[in-house]
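Asks: Here is what each chain is made of, one letter per residue.
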Amino acid sequence: MKNLKLKSARAALDLSQQDLAEKVGVSRQTINAIEKGDYNPTINLCRAICKVLGKTLDELFGEEEETC
Amino acid sequence: MKKKILIVSVAVVAILAIFGFMAYFLTDKYVMEMEFEKEISVVDSIVQQEEEMYQIEIPKDGSYLFHAKWETNPEGFITGCQIISESGEVVFWSTADWCDMYSNPIEMKKGTYTVAFFFITNDEQWDSFFKEAKVEDELWNVPPDLNYDFVSDGTFTAHYEFDLKEEKPIRGVAVVCGMLMGCILIVIMVALAQKGEGIKAKYDERQELVRGRGFKYAFFSMLILNIVFFGLGAAEVTIPMDAGIASMLSALLGACVYASYCVWNDGYFALNQRLGMVMIFLIIMGILNLVLGINAFVEGRAWYNGELTFHSINLFCAIIMLVIFGTMLLKKIVRDGKEE
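So the sequence lines, in the order shown, correspond to chains H and F.
Quick note on my numbering: the first sequence kicks off at 1 and runs consecutively.
Quick note on my numbering: the second sequence kicks off at 1001 and runs consecutively.
None of these hints come from the bench; they were simulated from the model.
Think of the CB as a built atom: it goes at the ideal place given N, C-alpha and C, for glycine as much as any other residue.
A portion of the hints provided could be inaccurate.
[Unchecked claim] Simulated pairs of lysine-lysine, DSS-like, Cα-Cα distance not exceeding 30 Å:
#1 H:Lys51 to F:Lys1216
#2 H:Lys51 to H:Lys36
#3 F:Lys1069 to H:Lys7
#4 H:Lys23 to F:Lys1332
#5 F:Lys1165 to F:Lys1131
#6 H:Lys23 to F:Lys1165
#7 F:Lys1216 to H:Lys36
#8 H:Lys2 to F:Lys1331
#9 F:Lys1331 to H:Lys7
#10 F:Lys1131 to H:Lys36
#11 H:Lys36 to F:Lys1060
#12 F:Lys1003 to H:Lys36
#13 H:Lys2 to F:Lys1202
#14 F:Lys1110 to F:Lys1200
#15 H:Lys23 to F:Lys1003
#16 H:Lys36 to F:Lys1332
#17 F:Lys1131 to F:Lys1029
#18 F:Lys1004 to H:Lys7
#19 F:Lys1195 to H:Lys51
#20 H:Lys5 to F:Lys1216
#21 F:Lys1195 to H:Lys7
#22 F:Lys1069 to H:Lys2
#23 F:Lys1332 to H:Lys5
#24 F:Lys1038 to F:Lys1165
#25 F:Lys1069 to F:Lys1038
#26 H:Lys55 to F:Lys1110
#27 F:Lys1216 to F:Lys1332
#28 F:Lys1202 to F:Lys1004
#29 F:Lys1202 to F:Lys1110
#30 F:Lys1069 to F:Lys1004
#31 F:Lys1216 to H:Lys2
#32 F:Lys1110 to H:Lys51
#33 F:Lys1202 to H:Lys5
#34 H:Lys23 to F:Lys1202
#35 F:Lys1060 to F:Lys1200
#36 H:Lys36 to H:Lys5
[Unchecked claim] Facing chain F, a subset of chain H residues (Cβ under 8 Å, in silico):
#37 Ser8
#38 Ala11
#39 Val26
#40 Thr30
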């Protein structure tokens, strides 16, 4: 399942996948895979992404039902 | 840290190169080469020509390597080759209808030796070749049992080549120097391909996962190929390759599966690697392996006597590089992986 929340949070800060990848220390393809729902990141990577995007874990990686 | 590694590596390579160069090129060696054509006539299983003999001067005591190659057209008799000292001692012998063989090191003293080629056209001559030369061998019966279809009447054209060269233990040192240089050059290449300090490749968690899966698939590929080889061996099916390349083939298959899986899933290149530099090294290695591999085939070393030999390994390495590039290209076409 695609992670559109992550994608929109990134876009809101005008960051490209490459920018976000460099800030959290992973490859662009890994960010792409997370956004496409092809890869479930570890909690450490989730926290790093949340920190860069200024969001909470729930806001970015919470279940759809909980966030609605 | 990285600078230190690079400086030390380059210094070691330079020292090895100088030492290897001196060992290989500046040490003198004795080499002689000879080749001849011979028309052989056989009437009632008796050869009509005398044996062929050549005298060679050995300049000093030492260890020498003998290489001989001969073939006849058509086949139908056996050539026996001996190297005989001045005192009549046979220091080397070999028999074959056709061959391309290399001797073990032969201890020879300064003086004159005779290289003799005997044309064996019947069983009696076969026995006398060994008896007259007083050849004894602890490993197998001499003369060995012969089951050969001699042609009793006919004319043959035979071509012979042989050479003798001094074995230089120091030349082995040169080879070791070359291998060490290769290893250190890899360290230098890896260091140059890494961004920033340090030479350790860094992968993110997804890449580590991909690489782990790649190892798993590579392992099972190797296992399956080994089982296939084992099964073919048990079924007495002859695989046209020698043991050396057969054992390396499963390792090469594993490397191929691992590399292509990692490339396809973006786990091959590390975060701190300069992609351009890595590509350049891969292209250089690919071309080098391709040239060496094709050369080995053209010279007949890679495919010999109806089977693949270890010399074909360079071509297989080039194929792996080709698979890596092919996977990259295919990935670019099928899954562009661009930002959405």
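Asks: Take the hints in turn and mark each one as holding or not.
Replies: To see whether the hints hold, each was checked on the structure:
Only pairs whose Cα atoms come within 30 Å are accepted, and Lys51 of chain H paired with Lys1216 of chain F is rejected, the gap being roughly 34 Å. Under the criterion of a C-alpha separation no larger than 30 Å, the hint pairing Lys51 of chain H with Lys36 of chain H is consistent with the structure, at around 20 Å. Taking the CA atoms of Lys1069 of chain F and Lys7 of chain H, the gap is near 71 Å; set against the 30 Å cutoff, the hint is violated. At most 30 Å may separate the alpha-carbon atoms for a hinted pair to count; Lys23 of chain H and Lys1332 of chain F meet this at roughly 25 Å.
Annotation: proposed proximity of Lys1165 of chain F to Lys1131 of chain F holds, straight-line Cα distance about 28 Å (limit 30 Å). Annotation: proposed proximity of Lys23 of chain H to Lys1165 of chain F is violated, straight-line Cα distance about 64 Å (limit 30 Å). In summary, the hint linking Lys1216 of chain F to Lys36 of chain H is supported, as the alpha carbons are separated by about 25 Å, within the 30 Å threshold. Distance hint between Lys2 of chain H and Lys1331 of chain F is fulfilled; the C-alpha atoms sit about 21 Å from each other, no more than 30 Å.
About 23 Å separates the Cα atoms of Lys1331 of chain F and Lys7 of chain H, which keeps this hinted pair within 30 Å; it holds. A C-alpha spacing of about 82 Å is found between Lys1131 of chain F and Lys36 of chain H, which places the hinted pair above 30 Å, so the restraint is violated. Restraint check for Lys36 of chain H and Lys1060 of chain F: the C-alpha separation of about 76 Å exceeds 30 Å, so the hint is violated. Straight-line distance between C-alpha atoms of Lys1003 of chain F and Lys36 of chain H comes to about 40 Å, which puts the hinted pair past the 30 Å bound.
Restraint check: the Cα-Cα separation between Lys2 of chain H and Lys1202 of chain F comes to about 27 Å, which is no more than 30 Å; the hinted pair holds. For the hint pairing Lys1110 of chain F with Lys1200 of chain F, the CA-to-CA distance comes to about 56 Å; that exceeds 30 Å, so the pair is violated. Between Lys23 of chain H and Lys1003 of chain F the CA atoms are separated by roughly 27 Å; this keeps the pair inside 30 Å, and the hint holds. For the suggested pair Lys36 of chain H and Lys1332 of chain F, the alpha carbons sit about 18 Å apart, so the restraint of at most 30 Å is met.
Taken as a hint, the Lys1131 of chain F and Lys1029 of chain F pair is broken in the structure, with Cα atoms around 34 Å apart against an allowance of 30 Å. Distance hint between Lys1004 of chain F and Lys7 of chain H is unfulfilled; the C-alpha atoms sit about 43 Å from each other, more than 30 Å. With a CA separation close to 25 Å, the supplied pair Lys1195 of chain F and Lys51 of chain H stays within the 30 Å bound. For a cut-off of 30 Å, the pair hint linking Lys5 of chain H to Lys1216 of chain F is broken: about 34 Å separates their Cα positions.
This hinted pair checks out: Lys1195 of chain F and Lys7 of chain H have alpha carbons roughly 29 Å apart, not beyond 30 Å. Using a Cα cut-off of 30 Å, the hinted pair Lys1069 of chain F and Lys2 of chain H is violated, with the two alpha carbons roughly 69 Å apart. With a C-alpha separation of about 27 Å, the suggested pairing of Lys1332 of chain F with Lys5 of chain H holds against the 30 Å cut-off. Between Lys1038 of chain F and Lys1165 of chain F, the direct Cα distance comes to roughly 24 Å. Compliance with the 30 Å bound is thereby established for this hinted pair.
With a C-alpha separation of about 14 Å, the suggested pairing of Lys1069 of chain F with Lys1038 of chain F holds against the 30 Å cut-off. For the hint linking Lys55 of chain H to Lys1110 of chain F, the alpha-carbon distance of about 88 Å lies beyond 30 Å, and the restraint is violated. Between Lys1216 of chain F and Lys1332 of chain F the CA atoms are separated by roughly 25 Å; this keeps the pair inside 30 Å, and the hint holds. The hinted pair formed by Lys1202 of chain F and Lys1004 of chain F meets the criterion: a straight-line CA distance of about 20 Å does not exceed 30 Å.
Note on Lys1202 of chain F and Lys1110 of chain F: the hinted pairing is violated, with a Cα-Cα distance of about 61 Å set against a maximum of 30 Å. Pair hint Lys1069 of chain F plus Lys1004 of chain F does not hold up; C-alpha atoms about 51 Å apart against a cutoff of 30 Å. Restraint check: the Cα-Cα separation between Lys1216 of chain F and Lys2 of chain H comes to about 28 Å, which is no more than 30 Å; the hinted pair holds. A C-alpha spacing of about 83 Å is found between Lys1110 of chain F and Lys51 of chain H, which places the hinted pair above 30 Å, so the restraint is violated.
Distance restraint check for Lys1202 of chain F and Lys5 of chain H: the Cα-Cα separation of roughly 28 Å lies within the 30 Å cut-off, and the hinted pair is therefore satisfied. Under the criterion of a C-alpha separation no larger than 30 Å, the hint pairing Lys23 of chain H with Lys1202 of chain F is consistent with the structure, at around 15 Å. Distance hint between Lys1060 of chain F and Lys1200 of chain F is unfulfilled; the C-alpha atoms sit about 52 Å from each other, more than 30 Å. At roughly 11 Å between alpha-carbon atoms, Lys36 of chain H and Lys5 of chain H fall within 30 Å of each other, so this suggested pair holds.
A distance limit of 8 Å between C-beta atoms decides the matter here; for Ser8 of chain H the minimum to chain F is near 12 Å, and the interface restraint is violated. Among the interface hints, the one on Ala11 of chain H is violated; its C-beta lies about 11 Å from the nearest C-beta in chain F, farther than the 8 Å criterion. A least Cβ separation of about 4 Å between Val26 of chain H and chain F falls short of the 8 Å threshold, and the interface hint therefore holds. The interface hint given for Thr30 of chain H holds, since its Cβ lies 4 Å from the closest Cβ of chain F, which is under the 8 Å cut-off.
Of the numbered hints given earlier, the model fails hints 1, 3, 6, 10, 11, 12, 14, 17, 18, 20, 22, 26, 29, 30, 32, 35, 37 and 38; all others are met.
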